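2 protein chains.
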Amino acid sequence: MISIVRVNTRNGRAIKAQASEEELHWGGRMLISKFLTREVPPTSDPLGRYNKLIIAPGFLGDTTIATAGKFSIGAKSPLTSGVKESNVGGEAGRKISRLGIKAIVLEDIPETPKARILMISTNGAKLIEAPELKHTAVSETFQIMRERFGSSVGIISIGPAGEMMMASAGIAVTDAHDVQVRYAARGGLGAVMGSKGIKTIVIDDTGAKPSRPHDAKLLQEANREFVQMLVSDPKIENRRKYGTSAIIMVANSLGILPTRNFSAGQFEKAERISGEQVADVITERKGEGRYGMPCTRGCVIRCSNVFPDPSGKKAVASIQYENIALLGSNCDIGELDDIAELNNLCNEVGLDAIETGATLGVAMEASVIPFGDAEGAKDLIRQIGQGTHLGRILGQGVVVTGKALGIRRIPAIKGQAIPGYDPRTLKGNGVTYVTSPMGADHTAGNAFETVKTTDPLGIESQVENSRRLQIRAAIIDTMGLCLFSRPPFVQRPELFSLFLKGRYGWDLSYDKISQMGIDVLKTEREFNKRAGVSEEFHQMPEFMCEEPLPPKNAVFDIPFEEMQRVWEVKLPPNVF
Amino acid sequence: MISIVRVNTRNGRAIKAQASEEELHWGGRMLISKFLTREVPPTSDPLGRYNKLIIAPGFLGDTTIATAGKFSIGAKSPLTSGVKESNVGGEAGRKISRLGIKAIVLEDIPETPKARILMISTNGAKLIEAPELKHTAVSETFQIMRERFGSSVGIISIGPAGEMMMASAGIAVTDAHDVQVRYAARGGLGAVMGSKGIKTIVIDDTGAKPSRPHDAKLLQEANREFVQMLVSDPKIENRRKYGTSAIIMVANSLGILPTRNFSAGQFEKAERISGEQVADVITERKGEGRYGMPCTRGCVIRCSNVFPDPSGKKAVASIQYENIALLGSNCDIGELDDIAELNNLCNEVGLDAIETGATLGVAMEASVIPFGDAEGAKDLIRQIGQGTHLGRILGQGVVVTGKALGIRRIPAIKGQAIPGYDPRTLKGNGVTYVTSPMGADHTAGNAFETVKTTDPLGIESQVENSRRLQIRAAIIDTMGLCLFSRPPFVQRPELFSLFLKGRYGWDLSYDKISQMGIDVLKTEREFNKRAGVSEEFHQMPEFMCEEPLPPKNAVFDIPFEEMQRVWEVKLPPNVF
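First to last, the sequence lines map onto chains A and B.
Each residue of the first sequence is one higher than the one before, counting from 1 in our numbering.
Each residue of the second sequence is one higher than the one before, counting from 1 in our numbering.
Because the hints were derived from the structure by calculation, they are not lab data.
Treat the hints loosely; a few may be bogus.
Put simply, identical chains are the same to the list, so a pair is met inside one copy or across any two.
What the hints assert, rightly or not - Taking lysine-lysine and the DSBU-like style, the derived pairs with C-alpha atoms no more than 35 Å apart in a straight line are: (1) Lys114 - Lys552; (2) Lys378 - Lys114; (3) Lys570 - Lys529; (4) Lys134 - Lys378; (5) Lys241 - Lys552; (6) Lys570 - Lys522.
Note that this is a predicted model, so its numbers are computed, not measured.
Input sequences plus hints: build the corresponding full structure.
Take a look at the structure:
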């Protein structure tokens, strides 16, 4: 049986019901868009009774297809007030799928704040009071759960930031060995989980009898072909060695690297925080340092790493491009050890490192601490975790911080911080930030992928490009695959059809699958429209349209009307 | 010549241009709605370059018609993100009118924060650098201006809150003798003025040659009739003696008095903070205490007062219903001396006392200080003025405060605090709060006026009632009259026609004037729609639909769809 598990967080009742025929055809990001539209009043309070936190593995979540361990978490966002889906690797997603669960839906809120464990197993779902988990850091929570429930469970957790319902709180997961800490970081979903009084979700798939694929052989063959194509991709070595931090030097040369609160696009200390430097440090320091690690079991791309401190102990796992850009160059912090510590503090407190890095940049512009003050920045993140008054400002993210501190240069769209690609010099991302139902989120359609084919400074074809990237992301996020799994689909889009045929027996042409992506965006957009956060109301921050960004001295100049075309663009059949 | 004065606050240029034929037919709140719609991009940053602060006397601003000294200030609101008009008495409005100025429009923002004086006189407009005014309290600013520019100028000013661009900052004016401090309080307009680098506006009408009314005799006669009707109103004695604070005991008996962050509608210490008590204290303490004072020259209603401290010195002028309700019962503070001091602190720091009182209630619910802690509350307002981190949270108003402190019971609609009438027990105000383009603002259509004719707890006819009250308010706010001037218009709506005929020679039937009110609301609503803050997206706070309010134990239960009818309601010819 494929089921939907619903947990009422007020009265504690859990219901496991068979998925309807329609629901069987929803997964991951698509399922979240459908459930939100069907069940959550668009104008409801994101932290109130009527919002729902939805956890949904993608279509391929219970297969061994490479990278398929990613799963989606979504809700109406306390940061953007619109739909938010955030996906993440780790172990929990596959275990949810193996239990035959299509979605876990957390409903209502408790009458008073609580810290509880939600236990999901073959016995169903149950809430366990756990006041001892109040305000525990994320790694400590993982450790306590591990001690209590053993080494084979999957764990999903929030930190103190989520408990305090801070709008920049994310949701953390672990890998099989508690090495990697991965985040469904964006959109403040950790605050929604906190509002429901759930500190941690433990997934125990012991005894699970996963439903068998429709055609195991077909699935296996398609996966073999897929893996073959992935590992023969020329970028794979680069990805394994440098991970996403390889982007630093490219971003720097393109002038898109956020620097000192988005006041420059190049950072004079870029080399010191580059992917090459990351790899060198890992190699030199030995100890627990590693690169080429998977974030989810069976991934062949393995872009994750363990970044060691000078003594060789794990400082953070992983260190990645976005976090280096936002916590590093954007704060004028040019030492990887500092960035790793800042990143780890975000992980422990339970914060989106992108939102937090952008927030620190604004706090620095407001002279709360000077630019480049790494120790001051660490103190500020600790203050967020402690809930000091300043911490409570910062924990609400970059928009509240800018307003409270009287700063006008707020790098955010739809309430959410702009990630590590300045839209003035990567204009395709500007189109994505403004038009995506997700707000400023590079994973919703990242034009960095296409800098070789679409001039990042040009106006022409950015809208088409963003449209294509947005559909692509929606498909990938619905499958439960990683965005880095794209290259094989460029050559062989039919792989999607083979995967779904092998897993479910569906006969879906690639065109139908492409329509799925379009449908996801349409559903999300409709939710946002009814929530009052339609993209027509949320433009590029004014300073980005007026302040030329050195050294390219570009402003964001794609007309708003031009961006609105994104919904009408006709594309060639293969968006990959 | 009737002119529009435009001041570019970036380059300092001021332009005085003749009002167009169309502009001549706009005034007060109507003018603000038209200018905003014509000139301010609806999605622009309220504190950015493209917002404009507009100051506009009403149609009757330069006449001697009783109560006509009120004038309107408006902009895109940093609190609601929609249109905001706030009107106020004092001396400045009439002086602007006497100078032949229909509107003062502050455009753009300076490149760096500034404190400047905007001088308006027969010589035009000029900006004067005044760094010495940085962070001065409101009364101190008035005093410095008085010393510098003499006793006959009108003064408009912001406090430190406006300079810090806090979303709950208001704009203050004085009367002719610097006794009353009146506020265009709501919607955060003080932050907009602060964003423009204008600390104070001085209006010097020396040498002004006001344009003569079309028919002075007709105007005089109509005013005589109007005054006669006003002074023979049975309520007038009550208004003069108790002012708006007379409402306390009525509100208490109806169960609509906000108490302890809107958790009750009756306050056990209501008598101690009642209008009767206000009058008794004034009478007993003698000294500077007064009741029956006008807030603007020539008002015959005279609902203002000077509330004395125990030594007989002015503690605050005036003490009024809304401020007593929000700073008093809503904070469980039951001593008038405390409330007067809190009110005066708001005046000095430059804050909307309604927004601030609601914010303190939420801070108390969050245990920042206990309910009833008057000294703690005073300290918090001082902290807002000092811009401490906690002060910066509170200064952003009740929504940001609730979010930052993790409180879900946030009494606000469209980002703005609910004033002194709980919508659960005065449901007509609920309709106004939700549907008015102004957000939660009782002056936009106050059903308290109609509690005798429309059951405040009933569902029936609340929508019609709110519609009627909203149109009425829009007309009055466009004329530049006080809402308390209503009674004569009930009997003689044609008085409006006589006033406009006498002043301008216009032949407008009452029906046409009523259409003006409808047109104002339509224009404002259109602006909000394009700004993304259409009333369909901003509902009653969820707790008000769920938590019965003792002692009446009512919830707000007018269906959202029912409220949407407000735009289609057909009304009888006289809305007064």
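How the hints compare with the structure:
1. Lys114 - Lys552: between (50 Å within a copy, 31 Å between copies)
2. Lys378 - Lys114: both (28 Å within a copy, 32 Å between copies)
3. Lys570 - Lys529: Cα proximity of Lys570 and Lys529: in one copy and across copies (22 Å, 29 Å).
4. Lys134 - Lys378: both (22 Å within a copy, 33 Å between copies)
5. Lys241 - Lys552: Classified as within; 30 Å inside a copy, 68 Å across copies.
6. Lys570 - Lys522: For Lys570 and Lys522, the Cα distance is within 35 Å only inside one copy (15 Å; across copies 37 Å).
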